[in-house]
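**Student:** Sequence:
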Amino acid sequence: MNVRLPGALVDTAQPLNFTFNGKKMSGFAGDTLASALLANGQKLVGRSFKYHRPRGIFSAGSEEPNALMTLHDGAATTPNTRATVVPLIEGLQARSQNHQGSLERDLLAVNDLMAPFFGAGFYYKTFMWPAAFWEKLYEPIIRKAAGLGALSDRDDPEHYGKAHAHCDLLIIGGGAVGLITALVAGRAGAKVILADEDVRLGGRLLAEQSTLDDMKGSAWAGQALAELATLPNVRVLSRCTVWGTYDHGIYAAHQYTGYDHPTNDGAQSLLWRIYARQTLLASGATERPIAFPNNDRPGIMLAGSVRAYANRWGVAPGQRVTLFTNNDDGWRTAIDLTNLDIEVTAIIDSRVQCDMTAPEGVEVLMGRTVANTRGRHALREIRLDNGRKIETDCLAVSGGWNPNVHLTCHHRGRPHWSDELAAFLPGTELPPGMSVAGAAAGQFQIGAALQQAATECLGALQKLDISATAPALPKTSEASYNIHPLWQTGKGRAWVDLQNDVCAKDIQLAHQEGFRSVEHLKRYTTLGMATDQGRTSNVLGLAVMAEASGKTIPETGTTIFRPPYTPVPIGALAGPERGKEHRPTRLTPAHDWATAQGAEFVESGAWMRAQWFARPGENHWRQSVDREVKATRNSVGICDVSTLGKIDLKGRDVATFLNRVYANKFAKLAVGKTRYGLMLRDDGVVMDDGTTARLSENHYVMTTTTANAGPVYQHMEFCLQCLWPELDVHMNSTTDAWAQFAVAGPKSRALLAKIVDSPFDVSNEGFSFMACGALTICNGTPARLFRVSFSGELAYELAVPARFGNALAETLMTVGAEFGVTPYGTEALNVMRIEKGHAAGAELDGRNTALNLKMGGMTGKETDFIGKAMGQRPAMQGDDLPRMVGLKPLNSNDVLNAGAHLIENDAEPTTDNDLGWLTSVAFSPTLGHSISLAFLKNGHNRVGAQLRAWDGARGKDIAVEVVSPHFYDPEGGLQRA
112 MNVRLPGALV DTAQPLNFTF NGKKMSGFAG DTLASALLAN GQKLVGRSFK YHRPRGIFSA
172 GSEEPNALMT LHDGAATTPN TRATVVPLIE GLQARSQNHQ GSLERDLLAV NDLMAPFFGA
232 GFYYKTFMWP AAFWEKLYEP IIRKAAGLGA LSDRDDPEHY GKAHAHCDLL IIGGGAVGLI
292 TALVAGRAGA KVILADEDVR LGGRLLAEQS TLDDMKGSAW AGQALAELAT LPNVRVLSRC
352 TVWGTYDHGI YAAHQYTGYD HPTNDGAQSL LWRIYARQTL LASGATERPI AFPNNDRPGI
412 MLAGSVRAYA NRWGVAPGQR VTLFTNNDDG WRTAIDLTNL DIEVTAIIDS RVQCDMTAPE
472 GVEVLMGRTV ANTRGRHALR EIRLDNGRKI ETDCLAVSGG WNPNVHLTCH HRGRPHWSDE
532 LAAFLPGTEL PPGMSVAGAA AGQFQIGAAL QQAATECLGA LQKLDISATA PALPKTSEAS
592 YNIHPLWQTG KGRAWVDLQN DVCAKDIQLA HQEGFRSVEH LKRYTTLGMA TDQGRTSNVL
652 GLAVMAEASG KTIPETGTTI FRPPYTPVPI GALAGPERGK EHRPTRLTPA HDWATAQGAE
712 FVESGAWMRA QWFARPGENH WRQSVDREVK ATRNSVGICD VSTLGKIDLK GRDVATFLNR
772 VYANKFAKLA VGKTRYGLML RDDGVVMDDG TTARLSENHY VMTTTTANAG PVYQHMEFCL
832 QCLWPELDVH MNSTTDAWAQ FAVAGPKSRA LLAKIVDSPF DVSNEGFSFM ACGALTICNG
892 TPARLFRVSF SGELAYELAV PARFGNALAE TLMTVGAEFG VTPYGTEALN VMRIEKGHAA
952 GAELDGRNTA LNLKMGGMTG KETDFIGKAM GQRPAMQGDD LPRMVGLKPL NSNDVLNAGA
1012 HLIENDAEPT TDNDLGWLTS VAFSPTLGHS ISLAFLKNGH NRVGAQLRAW DGARGKDIAV
1072 EVVSPHFYDP EGGLQRA
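Residue numbers (the working numbering): 112 to 1088.
To be clear, the hints were calculated from the coordinates, so they are not data collected in a lab.
Glycine residues also receive a C-beta, built at the ideal position from the N, C-alpha and C atoms.
Take these hints with a grain of salt, some might be off.
[To be verified] Derived PhoX-like pairs (lysine-lysine); straight-line CA-CA distance at most 25 Å: (1) Lys779 with Lys972; (2) Lys865 with Lys784; (3) Lys972 with Lys784; (4) Lys761 with Lys776.
[Stated by the list, open to error] Here are the simulated distance ranges between beta carbons: (5) Glu471 with Thr539: 39 to 49 Å; (6) Gly968 with Gly709: 39 to 49 Å; (7) Leu698 with Gln125: 42 to 52 Å.
Could you put together the complete structure from these sequences and hints?
**Tutor:** Written as structure tokens, this is what we have:
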């Protein structure tokens, strides 16, 4: 039966149906899952992590440690969701977690009987011996028993999005303080973002019977929100939790709009990156419990949450409510409940005296504490320290309030302790641009909190040079907060961390065993390491630790809070970048042409490149690749190399700059010529290789490898901005601006002659090896031509503006038909470059120097360049260092594999006998057998030697001969023809 109290903020005219563990229930629009469960009389909602003890709803907000649910079904299954922050929607399916068998008859509840053996650190003490048992016995059993909710193991259908926003003032928290701040700043014309984790803004105003300007707090909040909605410079983000504070005023926030309110682009979950010039933290405070024996039973709740359910959602958490408190605020729960005609059996106050007045007919027991409770699946009775028993079905506990200081600590700021409030307050080292007001700053009087908020807001706006006027603050009904701290009482298991089953005795045991640092305590006992991140347990745990050590709480210390403030779904962090969108996919300008040619594509960095072009009758990739290699070497082939990095350099000092970033000389490179360049890191290791062409006196074009296009550009920007800012050099990345094709093979010149416009001459005399130049093709299309070859054949690279890429590929195929022109992909490209002995990615792996690559002669002796000094260290110059060589199997039928190790014929395959390793390997259709590039110690003196290529991973041991890495046309006559 779903009976509601008067004055609730739910819409009883809009009923909603949902299920819990398959049982049909109902609630209303405006309910949370937790309030609807309580309204349906469902007190038992879950089981604890370690002991599997029955647990009920404990709080009304994001601090909830008990009511963790699995929502929805099938692929949409979402585990570990706090019922207290889930808005009720029609058809919601919710299931309890962490039990075997039914919720009421959990088979693993037997763990509770084993509690004496499951103390703090029992994992470390119990499962150490025998060591062999851990992987096969202990770990599988523990993993099966532990854990909370389970994922569906299917693709998540939820649509995640990412959003960026900039503002003058970010206000975190939508209670009274946040609302008054937004009004002041919004009226002044500041660009404001107001973010709150609740579905409805108003904070504690929605949970109290207090008034502002003689109107109910929730009505005042509604009036403020209505005005904010009329201000175009104010953005209100509900269900949006700011969970991280980062450098430069950047804040991370997660907004869950839900399946019922997706964003315009259909996203149900948004990850916000907010750039704020100033920030006001109005995150409020979180109530904490008191530790006493069996304080974890369903029906034992935080006092502020009990009155929130009564005032906001019209739900009575119990029919006979008892209050246990150590502060004045706790009495407000008894007063509010009595006003709603809910029976309050007694107010138990641990203080000897206070100035509060109890509601008529409510017994007050001063100086008394709760010593124990009774009731398995629901609270039935409490026992006081004097032995008296009180029948009750709800115990509202208030141990005081902790300001939510988490976001103030994300820059390693430390909170400071207040004896007056018995709580931690924001420290003096706040993140830049942040101020704090209201309960988050320890100001629990609403009138004073509003005044503080207005002052802080005006100060923040003044820093932004925005003039604003002080607002007329509403009249408020004040309530006192006097507190005398009480942390634990009674003898027996008293729970501190409800979710992880950490008891006061666990903390005392940790101290006894020497784990006295706060960080050690946390990890040894798992205190505060659950999904609630210790929101209700950390301060209580520190107090218990302080009592055990005989120190004060400030002396005991506190852990450093770090993001995220509340759990953030991994899917939200990934956003839409999953599946195909896991990272950007770049397509070359001629991608459509390659697709039409039947290309099989491969990811090359972020690019999709044609790997090979299968033809009818070819049922294995090697058939396609072998055909492409033979066709290119016999006639002509074209390959899309648009993915190579292209950097335009202009200025008087480009030659000087190139001389410094490349290991070989570029100062005397003639206009119209191209030179191969080797780029080193500071430590002398090869970073990249490529070519640089000089198109005019002060205009050069550099080509880099596909993989290193970005890093090389960043490296050169650093050099220009930090090392040599005096150089007149201007750079621009033009990788995406040009489509570029390699045209290779003995007929390549004949093919180009058919499309190059007159009077440009591509003959050997007019355009010799390593020449370059701007020209036009196909009756006026601008182009650039480079005579470079990485295949060993007569070859060119032809570049046109990207918009002509597809047309150029089609044109080359059309005019080259008489020569049997063949498109070839990256596999054939690699085979030909290995046959020619060109180093590439497998050789440029960040470990090898120019000497290792047999390019030591290229490095300038007179010039200075990056990497020269470190490359000349004795350890990088010895004859015994690995040098690049070629390998061929003695048996032409043997297949070589990259990664195999080179050892002497009579040596054992050990690390001490390792002479080198195979890098790039391919089957050469030109030679008819496997070939490989490799690094071999003293390799330049071992040509002709016979070794073994030992591959333990694949069970291979192949006899090989060391040969020149230049398998094909070693003299280079073909490429110069």
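**Student:** Of all the hints numbered above, which does this structure not satisfy? Sort the numbers upward.
**Tutor:** none
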